[in-house]
Structures are given as structure tokens and as C-alpha cells.
Amino acid sequence: MAPKRADPRMETVFRISNCLAENQTKFATCTLLAGALTWWNSHVRIVGSDAAYLMTWIELKKKMADKYCLRNEMKKIETELWILEVQGTDLTKYNQRF
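Read left to right, the sequence shown gives residues 1 to 98 (full-length UniProt numbering).
Hint data in this document are derived by calculation from the structure and do not stem from the laboratory. Quick reminder that beta carbons are idealized off the backbone N, C-alpha and C, glycines included. Be aware that a few hints might be false.
Pairs of lysine to any residue, SDA-like flavour, derived with a Cα cap of 20 Å [claimed, not checked]:
#, residue 1, residue 2
1, Lys61, Met10
2, Lys26, Leu37
3, Lys61, Glu22
4, Lys26, Glu78
5, Lys26, Ala51
6, Lys67, Thr56
7, Lys26, Ile46
8, Lys63, Thr92
9, Lys62, Trp40
10, Lys61, Ile83
11, Lys61, Lys93
12, Lys67, Cys19
13, Lys76, Asp66
14, Lys67, Pro8
15, Lys61, Leu81
16, Lys75, Pro8
17, Lys61, Glu78
18, Lys61, Thr31
19, Lys63, Ile77
Derived Cβ-Cβ restraints for the label pairs, each shown as a range [to be verified]:
#, residue 1, residue 2, range
20, Tyr68, Val47, 16 to 22 Å
21, Leu70, Val13, 23 to 29 Å
22, Ser49, Lys93, 40 to 46 Å
23, Lys93, Lys67, 28 to 34 Å
24, Lys62, Ile16, 32 to 38 Å
Work out the full structure: start from the sequences and follow the hints.
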């Protein structure tokens with residue numbers, strides 16, 4: 001699965017499972033599927049397992065965004081985030097968008 005956006009649920013899982021920062025990349029890469037998993041396995045073969053898992057979660061998210069997100073898609077997402085506003089008083093519906 002090639003993500004278009006970093007999945008905010010991953011960070012929630014890190015938080016509720018008390019996943020230490022040094023284990024986040026290991027945990028996150030165990031959830032990769034299809035093309036993303038193939039990409040990660042290739043990366044591990046190229047740089048070695050130890051070096052690959054020294055990468056932080058933030059570095060991994062950036063590498064995946066660089067690999068899978070088109071620049072114009074990223075710009076669209078950034079713009080969308082900057083202009084977010086609640087319409088009416090339905091905060092639940094607003095939050096469900098994310």
C-alpha cells in the first residue's frame with residue numbers, strides 16, 4: 001500500500017502503546033503492504049538492516065512522502081490544512097474528515 005498521506009492513526013498507536021521513539025520505525029515498517037513493503041525491503045538491502053532501523057519515524061515519513069506523494073498533491077494537502085475551518089457547529093462531522 002503506497003500511502004498518499006501519513007496515516008495519523010500510526011502516531012495514535014505509538015502513543016497508546018507507549019512505543020518508544022527508537023522502536024517506531026520497526027513498528028511502522030511491519031505494517032507496510034504491497035509496493036511500500038517492497039520499497040522498504042529494497043531500502044534495507046541497500047543500506048543494511050542496522051542502518052535502516054536507525055532511521056527515525058519522522059525521517060521514514062519524509063522518505064515515504066518523497067517516494068509516493070506527488071509534489072502537487074502535497075501542495076494541495078498543505079493548502080487544505082491551512083484553510084480548514086469548521087462549518088456550523090458540528091465538530092464531530094468536522095473531525096470525522098480526518
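Starting from the hint list further up, note which numbers the structure goes against and sort them upward. The structure conflicts with hints 4, 8, 10, 11, 12, 24, although it agrees with all the remaining ones.
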